[in-house]
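Protein chains: 2
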Amino acid sequence: MEGSGVGYLEDAAVAVRDTRIVDVGPTAALLARFAAGEIIDASHHALLPGLIDAHMHTPWAVVRGVAQDVAHWMQKGLSPYARHLHREAALAGAWLNVLEALKAGTTTMGDYATPIEGWADIFAAVGVRAVLTATINALPPGEMAGWRLGDLYPLSDEIGAQSIRAAVDFAAEWHGAENGRISVMYGPQGADMLSLDQLLHIKRLAAVDGLMIHMHVAQGDREIDQMLKRYGKRTPAFLEQIGYLDDQLLAVHLTEATDDETTQIAYSGARMVLCSGSIGIIDGIVPPAVVFRSAGGMVALGSDQAAGNNCNNIFNEMKLTALFNKIKYRDPTVLPAWEVLRMATIEGAQALGMADDIGSIRTGKKADLILVDLNALNLMPVLTEPIRNIVPNLVYAASGHEVDLVMVDGRILVRDGKVIHIDEDAVRAEVQQRAQEVAAAVKRDPQHHDMALLQAMEAGRL
Amino acid sequence: MEGSGVGYLEDAAVAVRDTRIVDVGPTAALLARFAAGEIIDASHHALLPGLIDAHMHTPWAVVRGVAQDVAHWMQKGLSPYARHLHREAALAGAWLNVLEALKAGTTTMGDYATPIEGWADIFAAVGVRAVLTATINALPPGEMAGWRLGDLYPLSDEIGAQSIRAAVDFAAEWHGAENGRISVMYGPQGADMLSLDQLLHIKRLAAVDGLMIHMHVAQGDREIDQMLKRYGKRTPAFLEQIGYLDDQLLAVHLTEATDDETTQIAYSGARMVLCSGSIGIIDGIVPPAVVFRSAGGMVALGSDQAAGNNCNNIFNEMKLTALFNKIKYRDPTVLPAWEVLRMATIEGAQALGMADDIGSIRTGKKADLILVDLNALNLMPVLTEPIRNIVPNLVYAASGHEVDLVMVDGRILVRDGKVIHIDEDAVRAEVQQRAQEVAAAVKRDPQHHDMALLQAMEAGRL
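As they're listed, the protein sequences go chains A and B. Using the working numbering, the letters of the first sequence correspond one by one to residues -13 to 448. Using the working numbering, the letters of the second sequence correspond one by one to residues -13 to 448.
One thing to keep in mind: the hints can contain errors.
Claimed, not checked - Calculated lysine-lysine pairs in the PhoX-like style (CA-CA distance at most 20 Å, straight line):
no.	chain 1	residue 1	chain 2	residue 2
1	A	Lys62	A	Lys429
2	A	Lys314	B	Lys314
3	B	Lys404	A	Lys404
4	B	Lys429	B	Lys62
Unchecked claim - If you only want the chain A side, here are some residues facing chain B, beta carbon under 10 Å, derived:
no.	residue
5	Gly(-11)
6	Val56
7	Asn83
8	His187
9	Leu191
10	Ala193
11	Lys305
12	Pro372
13	Ala445
Source of the hints: derived by calculation from the structure; they are not laboratory data. Positions of the beta carbon are idealized from the N, C-alpha and C atoms, including for glycine.
Isolated chain A (complex conformation) (with noise of 0.2 Å):
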């Protein structure tokens, strides 16, 4: 991922130490220069950068599949399930999504949550590298169930307030630790959900303690109409008046920025999170990303989360950020394998602020590596030349399931498909439970009449 393109290097190895890449060279050079601990024999395989979901919501994985295929997908998919989510719950789906995207080769975890208590603790456990994100708005649970679409949302001076400690004693307890691989940033979770004043706050909070802020940008035409109903201004030229729109922010979505707009915010130096499975199926658009990175702007791919994208598998974001941006402006040549590739590692590091650290295979790097088995029948055959056929296979024909070893910070989390230090069968046995719990709250809520897909439910369709 140096340079250009993607590289390539045939029967090379890596050495690592602690948790780092010490060398990168010819098997035989390296197997001269070290005596190496354990040898790992990556024979048939790509040994790949771990790869970067800058933008997840873990938690929601614990309703999967509830809510697509709805207009309204927030208030008529996913809130309803959203008022019985019990902490339990959200933990329970963190630990299953995490796993999940961890076996399908994430080594870097984006997370966007609510702070909870056992949260964090989750990547501690698993030993993945976690960019972990406490959302921050000032948003009245009770009353939002009275909102209505249209109307002004009723923020709260003081749950502004306390979302804001929260989230500053987050960062205070976890930022840099596990020896630095678990960082943190601050997440006023869109324009529209915080006063103007709380945004300031936030704004001189991360400039002091050198945080990025990661936020919702543009992400849906319910944004912009609260956005002109109270300044009178869409959401972009809303942050470059308040001074948000530089190399500090982490912009998700730009669902419905223009092209003007997202020129700007990429010329800002702010970065962007594309979340092409998310959007695609509970928008049905394709965001700006391509306008993006022409205008110089860095963009790293998210998964979003499981209640809507429905899976956390950056194999599956690469594929559809190549074919849906090709659908788009109807030209094949848009955004080739290795492009994405890269948003997918060094491109998402950049992203990220992280680049010295991970994104590539160099030394000095941490040793967030991942093997991908090139033996997997849909990756066969293997060429080399006269083109080499191995990244576009790992773009357009990989789904995640090939990847056999994962290894974060030097140690090996994942070998031969399986998590080796975390029972997985006591997971599945949580979720399902706590999954159970949330739906069967659901049913006794009299407001899931509500829900949009009820109707196909008692229909016989689904």
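Based on these hints, arrange chain B on the given structure of chain A.
Below, chain B alone, put in the same frame as chain A:
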């Protein structure tokens, strides 16, 4: 898949005798009624009808991944390889692709290829259900090398006649073979690739023999250009005129068909094959399947060839079909999960004229069944009320590797994710060797300098 939805039975069983389903019902009732030779415990699995892939070109899997991300895919991507695809390479590709598809749950394969010796034998040996179409065209291979974009194809009466004879001989040998597990269609490659006389001749043959016609229709602007120059008509109007539009036609792609033309074809009773992944990657286009279905037409899914689409997996096609069409119409309610699952099963069976035998789990139908592991992390949790999430998870989260068991015609072909009666490693070794032979021949051929991806290789980007 009976009725308008997908149906659902909990704790149910299926009894199979010889090649057919003989009962479906509550597990306890079936256990009491039958003395089974083998009982397969399907706890924590979804039992589905085997998936139907109505359009493949399996030999091309031997050059998977060498022709993506290019304009003029056929001329600049694939044709340098086509010139060197010798018989053994084609067979090795077909072996690879058949096993790849089988392991991902495809039980019926609609393959379309030059009827080389040994091709149909692969389907016979592996034991899958196959609908085989021998490609018929009048294109002289040598002369096509000098053909320039925009020129009329130099159709050869002699080659066309040979090609028809080969197809007739192939049908005589294979239609109804293997106890009916293998059937045959006639395959004029495109309206632009045969003379009018030959097209009419094939139509008469198909009527007499009672075989369907499997044909690429409006598959590209190049075809439309040829038709306008030769007949002054676009393909659909031409096919109407020569009597091709009826329920014996399986029309593949419709990439360039207008909505009016699509409706006309659907009204005629002709069936459509939608190859979402292939046409998305090659052309950046979403074919008009939604219009075709709205006009009452039956649509099957197809994976087309691995040298374009890059994998042959109906789980992939279901997901891409749902997502691409949501994007095309900017509407998340378009093609919900249950509709694309129907396209991959019962509607596919209807389109192929095989719904009496396959496409649903019903007493009397052929026992073509798959078991999908619902304990795969990406398919968990499993909820059944108030919203059942199994079908959305199969469509939006599964990748095909969750298929544990595949049965075709009452015979188990895949157990625990492994093809049990075929040496997978021998298939791997053969396809790798043959692919390298083809690639080496391409490299020696001066014409390979014309390949679009060579620049990316030379620049170190690929």
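Evaluation of the provided hints:
1. With a C-alpha separation of about 14 Å, the suggested pairing of Lys62 (chain A) with Lys429 (chain A) holds against the 20 Å cut-off.
2. At most 20 Å may separate the alpha-carbon atoms for a hinted pair to count; Lys314 (chain A) and Lys314 (chain B) meet this at roughly 9 Å.
3. Between the alpha carbons of Lys404 (chain B) and Lys404 (chain A) the distance comes to roughly 18 Å, so the proposed pair stays at or under 20 Å and holds.
4. Under the criterion of a C-alpha separation no larger than 20 Å, the hint pairing Lys429 (chain B) with Lys62 (chain B) is consistent with the structure, at around 14 Å.
5. Satisfaction of the interface hint for Gly(-11) (chain A) is found here, the shortest Cβ-Cβ separation to chain B being roughly 6 Å, below the 10 Å cut-off.
6. Interface restraint check: Val56 (chain A) against chain B, minimum CB-CB distance 6 Å, threshold 10 Å, status holds.
7. Annotation: Asn83 (chain A) was flagged as interfacial toward chain B, and the flag holds, the nearest CB pair being 8 Å apart, inside 10 Å.
8. Interface restraint check: His187 (chain A) against chain B, minimum CB-CB distance 36 Å, threshold 10 Å, status violated.
9. Because the smallest distance between the Cβ of Leu191 (chain A) and any Cβ of chain B comes to about 36 Å, over 10 Å, the interface hint for this residue is violated.
10. Hint status for Ala193 (chain A) relative to chain B: violated, with the closest Cβ pair at about 37 Å, above 10 Å.
11. The beta carbon of Lys305 (chain A) comes within 9 Å of a beta carbon in chain B, closer than 10 Å, and the hint placing it at the interface holds.
12. Interface hint at Pro372 (chain A): satisfied, since its Cβ lies 5 Å from the closest Cβ of chain B, which is below the 10 Å cut-off.
13. Below 10 Å, beta-carbon pairs count as interface contacts, and Ala445 (chain A) has one with chain B at about 7 Å; its hint therefore holds.
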